[in-house]
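Peer 1: Read off the chains here:
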Amino acid sequence: MRPVSVIFGRFLGRCSSLQASRQLATGSTCTIRDALNQALDEEIRRDPNVFLMGEEVAQYDGAYKVSKGLWKKHGDSRIWDTPITEMGFAGIAVGAAFAGLRPVCEFMTFNFSMQAIDQIINSAAKTYYMSAGKVTCPIVFRGPNGAAAGVAAQHSQDFSAWFAHCPGLKVVTPYNAEEAKGLLKASIRDDNPVVFLENEILYGQPFPFSDEAKSEDFVLPIGKAHVERVGKHVTIVTYSRGMEFSLEAAKELASIGVEAEVINLRTLRPFDFETIKKSIMKTNHLVTVETGWPFAGIGAEIIAQVIESEAFDYLDAPPYRVTGVDVPMPYTQTLEAAALPTTAHVVKTVKKSLHIQ
Amino acid sequence: MLSRLSRRSPFNTSIFRSFATARERDEFRLQEYSQKYLGYRKAVFTEKLEIIDSSKAEAVPIYRVTDGLGNFIDSSQDPKFGKEMSVKIYETMTQLNIMDRILYDSQRQGRISFYMTNFGEEGNHVGSAAALKNSDLVYGQYREVGVLMWRGFPLEQFMHQCYGNSMDIGKGKQMPVHYGSKEHNFVTISSPLTTQLPQAVGSAYAFKRQPNNDRVVCVYFGDGAASEGDAHAAFNFAATLDCPIIFFCRNNGYAISTPTSEQYAGDGIAGKGPGYGLHTIRVDGNDLFAVYNATQEARRVALTNKPVLIEAMTYRLGHHSTSDDSTAYRLDFKKVQTWGDKDHPIERFKTYLVEKNWWDDEKEKAWQKEVRKRVLKAFGDAEKTKLAHFHELFEGVYDQVPELLKRQRDELDNHLKEYGEHYPLDRCLRK
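Line by line, the protein sequences are chains U and S. Here UniProt numbering is used: the first residue of the first sequence is 1, the next is one more, and so on. Here UniProt numbering is used: the first residue of the second sequence is 1, the next is one more, and so on.
Because the hints were derived from the structure by calculation, they are not lab data. Don't take each hint at face value.
Facing chain S, a subset of chain U residues (Cβ under 7 Å, in silico) [as the list claims (entries may be wrong)]:
| # | residue |
| --- | --- |
| 1 | P83 |
| 2 | T85 |
| 3 | M87 |
| 4 | G88 |
| 5 | G91 |
| 6 | G95 |
| 7 | F98 |
| 8 | N122 |
| 9 | M130 |
| 10 | S131 |
| 11 | A132 |
| 12 | N192 |
| 13 | P270 |
Taking lysine-lysine and the DSSO-like style, the derived pairs with C-alpha atoms no more than 27 Å apart in a straight line are [as the list claims (entries may be wrong)]:
| # | chain 1 | residue 1 | chain 2 | residue 2 |
| --- | --- | --- | --- | --- |
| 14 | U | K73 | S | K36 |
| 15 | U | K72 | S | K36 |
| 16 | S | K42 | S | K306 |
| 17 | S | K208 | S | K133 |
So the derived label-pair ranges between C-beta atoms look like this [stated by the list, open to error]:
| # | chain 1 | residue 1 | chain 2 | residue 2 | range |
| --- | --- | --- | --- | --- | --- |
| 18 | U | E252 | S | K182 | 52 to 60 Å |
| 19 | U | F295 | S | Q400 | 28 to 36 Å |
| 20 | S | V44 | U | P48 | 42 to 50 Å |
Idealized CB from N, CA, C, for every residue including glycine.
With the rest of the complex left out, here is chain U (with noise of 0.2 Å):
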């Protein structure tokens, strides 16, 4: 598929490297881009096994950059460009890890990865178990996820519940930079075939990135959800751009005296499913926060297995859901921006769990 976003992609691009740099002078920062590319070029180098495939990811270094000099660097055969076919060069990625490579093949954005659904969900996923564990499948498949910006409905969605739906995968969404790092470092050395999401608007953003995050042997594990910020009140559970409304929501609810605990979740399979437990056994409120769809996505699993669980004693208020509008991305600006959830969403939903006015 030939996507309108390779000329919207060159655009951010553009933009985010220029954003980059300027925060790149200061030493302490690191933006999701160049994480991305650092653990690229890491693993290229470790395990010669390890190659990078997808559309324009070579010379053109990527629609959005990520590969962004690996092909100078490596060459044709670790940096490779495959002919236009979703099906096709995901099939390909699925036959090269049966055959021993550790293929990290990227979808220019997760929108197309659909028509390579088969590949993933049926070959992928589901081969070791059906060859009883004869047969591995080591893949990253990797791209941005999520809504973007001005793009509408068939290139604005987030697809983290449809791959965290299916046993096989494991699905990885990272939020900032040390994250985008350890967790892609950690997926392409894992034997499992891993959904790596990440998030187009993300990209260009700069994160502290500490001198451990910039070692070569910086590994965070798959499976591990993290509390970004710890309170007493209230339990905001989120992952990758979500996290961005609910510290901001955090912030703004300290400043009236609720301290909300936030959870970024990392990983949504394998699902970190007792530190959120633990937590709702704290605070006694849990509020979920995701640019998905809300109907079987991410929040409903969350809530569906606090509710069967222990922690459903504890609860009291019942646990709310902020995410995306039931409808396709609609293009239009302000329609847009109705129809994803903000900062403002999810303070007045805690507020609503927690009953104040």
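With chain U fixed as given, assemble chain S onto it according to the hints.
Peer 2: Chain S in isolation, oriented as in the chain U frame:
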């Protein structure tokens, strides 16, 4: 793409303006078309207005070595197998045929849930398998059992797989006939049609990265599978990535009930090959010698990283699967019988063996009896073999059993401790 080109556009540069004559300009453009657009094929202009009518083009010829009676037409094409190999070929084809009959009947008796026979296609399985090296990686569609049998996959394992018991390599995870064996370089069969094609190209690409490893990938598919988008992607990727791969199409006339006349309008599957930049041959799929020669040559070409498409013309004598009754759409059953009587690959090959005095009626009788006995024994043993322990349910979703599944496993154990008597636990292995 357009905007990218226009930034580097050479159209207004002095180079183009410096072409003084029309001929120079033509030459420049023809060279560009040839090198950049047409894969170095010679580009020409024509002043004749003519839309190509594909129905007028000549069909790709069908390569054969023997005639319908099994006689060699051009002796230079005789691969000269020798007695041992010829007998092994014949025995593999007949063993497959007998196993198919027994397992088909067993499904009808409700002893296994599903089966697919290979009737009428034994020649293209064994002919191609014999020409490959056993180290070559095979991706099957589902009707390529002869290939696996040629490589020595034991009868017992076929039966264990169809019963999904504890001795099955797949531990009962996959439905019947979805065989897979790492040892025999045969990838576990995938049910959704044609997913194996791009995967095979991916494996071939991995082989290409290990120079001089003397391995190709051979991927089998049917005429119906060639209609899936995956087939297009695989042909295109194999050609653009220069992969060591053989695409082996078993054109057997039917995709379940859809006849090839409704499946495509062009010159079969071989007709597509040149359009993708694939080396291509159409072969008489019931002439084992022709299939062998074609596959052997295709392997030689593929090893030089030039992908090859083989279309083997054959006929599906059986139903698609046990879920199908082909008499509902193959109304003229006489035609089916004619194919079986006049062009059966096993019979055609047998003529050769008999003429060489390597086989006779007595041997045939003894062999049939022996195979039947062996199949029935393996079948009976598989039926009696215990199923895997129920914990197998949770194994193999990931390389390590995740916490959630461990908890569910414990729950199941507790449940069975109390209510185990209501379950057929005696059919499972004890831990």
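Peer 1: Confirm or reject each hint.
Peer 2: Evaluated hints:
1. P83: holds, 6 Å
2. T85: holds, 4 Å
3. M87: holds, 6 Å
4. G88: Holds - the Cβ of G88 of chain U comes within 7 Å of chain S, reaching about 3 Å at its closest.
5. G91: Nearest chain S Cβ about 3 Å off; hint holds.
6. G95: With a minimum Cβ separation of about 3 Å from chain S (threshold 7 Å), the hint on G95 of chain U holds.
7. F98: holds, 6 Å
8. N122: Hint holds; N122 of chain U Cβ to chain S Cβ min 5 Å, cut 7 Å.
9. M130: holds, 5 Å
10. S131: holds, 4 Å
11. A132: holds, 4 Å
12. N192: holds, 5 Å
13. P270: holds, 5 Å
14. U:K73 / S:K36: holds, 26 Å
15. U:K72 / S:K36: holds, 22 Å
16. S:K42 / S:K306: With Cα atoms ~20 Å apart, K42 of chain S and K306 of chain S stay inside 27 Å; holds.
17. S:K208 / S:K133: Holds: K208 of chain S and K133 of chain S sit about 16 Å apart, inside 27 Å.
18. U:E252 / S:K182: 52 to 60 Å: Between E252 of chain U and K182 of chain S, where Cβ atoms are some 57 Å apart, the hint holds.
19. U:F295 / S:Q400: 28 to 36 Å: holds, 32 Å
20. S:V44 / U:P48: 42 to 50 Å: Given a distance of about 45 Å, which is inside 42 to 50 Å, the answer is holds.
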